[in-house]
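Colleague: Sequence:
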Amino acid sequence: MNAIHTLYAAYAARIDAVLAALEAEGHLPAGCPRGNVAVEPPRDPSHGDLATNAAMVLAKPAATNPRALAEMIVEKLAADPLVESAEIAGPGFINLKLTPANWLAELAAIAAMADGYGKSTMGQGRRVNVEYVSANPTGPMHMGHCRGAVVGDALASLLESAGHEVIREYYVNDAGSQVDTLARSVHLRYREALGEDIGEIPAGMYPGDYLKPIGATLAAELGGRFVGAPESEWLVDFRTRAVAGMMEQIRADLALLGIEHDVFSSEAELQAAGKPEEAEKWLRAHDLVYDGVLEQPKGKTLDDWEPVELPLFRSTKFGDDQDRPIKKSDGKWTYFGADLAYHMQKAETADELIDVWGADHAGTVKRIKAAVMALSEGQGTAIPFDVKLVQMVQLLRNGEPAKMSKRSGNFVTIADMVDEVGKDVVRFTMLARKPEAQMDFDFAKVVEASKDNPVFYVQYAHARIRSILRKGEAEGYVPSDAHLDLLTADDLALIKQAAQFPREVEAAAKAREPHRIAFYLYELAATFHAFWNLGNDDQAKRIIVAQAPELSAARLFLVTQIGQVIRNGLALLGVEAVEEL
RNA sequence: GCACCCGUAGCUCAGCAGGAUAGAGCAUCGGAUUCCUAAUCCGGGGGCCACAGGUUCGAAUCCUGUCGGGUGCACCA
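Going by the working numbering, the first sequence wraps up at 837, each residue one higher than the last.
No lab work stands behind these hints, which were simulated from the structure alone. Be careful, since some hints might not be right.
In silico SDA-like cross-links for lysine to any residue, where the CA-CA straight-line distance does not exceed 20 Å [as the list claims (entries may be wrong)]:
#1 Lys797 <-> Ala786
#2 Lys588 <-> Lys644
#3 Lys644 <-> Gly479
#4 Lys583 <-> Ser522
#5 Lys690 <-> Ala618
#6 Lys332 <-> Gly381
#7 Lys797 <-> Val703
#8 Lys644 <-> Tyr591
#9 Lys644 <-> Phe667
#10 Lys625 <-> Gln635
#11 Lys766 <-> Gly381
#12 Lys468 <-> Gly479
#13 Lys727 <-> Pro805
#14 Lys468 <-> Ile454
Here the structure is a predicted model, which means the values were calculated and not measured.
Build out the structure end to end from the sequences listed, making use of the hints.
Modeller: This is how it looks when you write it as structure tokens:
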């Protein structure tokens, strides 16, 4: 069924076949659902290589007790020559021990599939649109964007690896009032570039130095003719140019993190195309948008609050606290009003949508999910839509809140951060925690090259592998699978760990949790480091054993494949696998 | 006041769509280096999985409530 080889999937299928046989023989009731049957490696390796709860799950529908059922299953499984032993344990677990041949075959599979090891067809080519970053084009990328950027990017890679067709998308908010402010701020810098003393940047404008080059460019291209001109003459043009300039810078910042989007969608273009009107029309026709007045928010007093009639989306119908305006009192679209149309636009070219947002936007999840569900259901088929919230990162330096960068005005930029600690450290650290948990990012700790720092720990494992391969080559050894039968239990333990990779990728993709890959890599590295150190106590357990060229060639082959798996995992995270440390 | 996220070892965190005696790292204590990178490894101590109920063969995991921390709460994005 699966063109891609996975040992665990293969055994899950075998066990399922055994259950089907039992059903055919009448030991299990016909049509008994087997969805809860799990086939997994047990936590405790002494329990064997694989465990299944089949007997416990099916005992009740079979009207028998788990152990009796387990005995029937075990009898069939034990007949398989690739199964070394099958035993019943505890409340009715069935523990399988697999023969070494299974693991050696897996090792060969890694070698054969190389960069493809770990990929699967699980997604069946479904098109998933992952929207991430989408930072406002009013300033450079800063820390607030970083985690979402990295998580979104890794998630996209993960889904791709699991057989989805992924669209990496960035939504450019170039239509709100903040880009008008940007244009005015750039106008100031433009005048400054022409020699005017503009003094302090007024409050409410963007103060950062990063606008200076854009102002200078405009000064060079346009000359002085807009210096004293009324805003109506320059605002639109300045806005367009300023946004273009900022987006260029943002792309450069993203490139520093190894992030590249496929599609940049403009909110201004979306509005110009009349998409929000279309959505409003449909929603009104279905009584999901009405003109009404919001109540004053409770628990919070607003001095300038006054009742206004606005077109409201009935998000309360979907569990939201309040209905939400899609237009402002000036007649322009709210962010939400445009955003719901934007999601419908994305749905035109995708089977599934994922947004990666900062947790500060958590309050808007309900309304957008509600709107997308209402629209997509009403206009055809409901599109699966998931919003991943990424919690805030607190920047620290030796436990103290990190200082702000001068050049940006008021925040630590991604460029600063990558410059200081490097892309790999930033990415891995951001991915080594589940996204919904808050995180501290301490500049001092994160560059520490120690076990405390998982990036180096994993990269060190890879570097050691490359190192031994270089040494082997220098001494005339050639990695070879000719005598894999010489490998011992210690070697097999390492293969078993590596063999988990495909199912980890699938599980991580299914749960949409890239951090699992980071943790898996840490464990694989730990297993490898332990393996390596066996050679300190026992010469025969070294990778290159002087008196045993065939064993050495087999071990070199083995570690080559371990290196391959580490590389594949790091590639998913967008982290480089280094040759040496 | 309401919504969302979090609460697991002294600290930082895992816990794989409910499974077997709850796991890592740091810190701490004790070991390993004439030897392929010791940036590593091996071992010891350290837990009412915030609390209280519920669901079932079985709960850190699912449901309800409470407490504690974070975030966000009109036509800002």
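Colleague: Does the structure keep Lys625 and Gln635 at a Cα separation of 20 Å or less?
Modeller: holds (15 Å)
Colleague: Between Lys797 and Val703, is the straight-line Cα distance small enough, at 20 Å or below?
Modeller: It is violated: about 33 Å lies between the C-alpha atoms, which goes past 20 Å.
Colleague: Holds or violated: Lys583 and Ser522, Cα atoms, limit 20 Å.
Modeller: holds (18 Å)
Colleague: What's the verdict on Lys644 and Phe667, does the C-alpha distance respect the 20 Å limit or exceed it?
Modeller: violated (24 Å)
Colleague: Measure nothing beyond the straight line between the CA atoms of Lys690 and Ala618; if it is 20 Å or shorter, mark the hint as holding.
Modeller: Distance ~16 Å between Lys690 and Ala618 Cα, so the pair holds.
Colleague: Given the hinted pair Lys588 and Lys644, is their Cα-Cα distance within 20 Å?
Modeller: violated (28 Å)
Colleague: Can the restraint linking Lys468 and Gly479 be considered satisfied, given a maximum Cα separation of 20 Å?
Modeller: holds (15 Å)
Colleague: Verify the proposed pairing of Lys644 with Gly479, using a straight-line Cα cut of 20 Å.
Modeller: violated (46 Å)
Colleague: Decide if the proposed pair is consistent with the structure: Lys332 and Gly381, CA atoms, cutoff 20 Å inclusive.
Modeller: Measuring from Cα to Cα gives roughly 36 Å; hence the hint is violated.
Colleague: Within 20 Å, alpha carbon to alpha carbon, are Lys727 and Pro805?
Modeller: Answer holds: Lys727 to Pro805 is near 14 Å, not above 20 Å.
Colleague: Does the structure keep Lys644 and Tyr591 at a Cα separation of 20 Å or less?
Modeller: Holds: Lys644 and Tyr591 sit about 19 Å apart, inside 20 Å.
Colleague: Assess, step by step, whether the Cα of Lys468 is no farther than 20 Å from the Cα of Ile454, and give holds or violated.
Modeller: Status holds; Cα separation ~12 Å.
Hints 2, 3, 6, 7, 9 from the earlier list are contradicted by this structure; the remaining hints agree with it.
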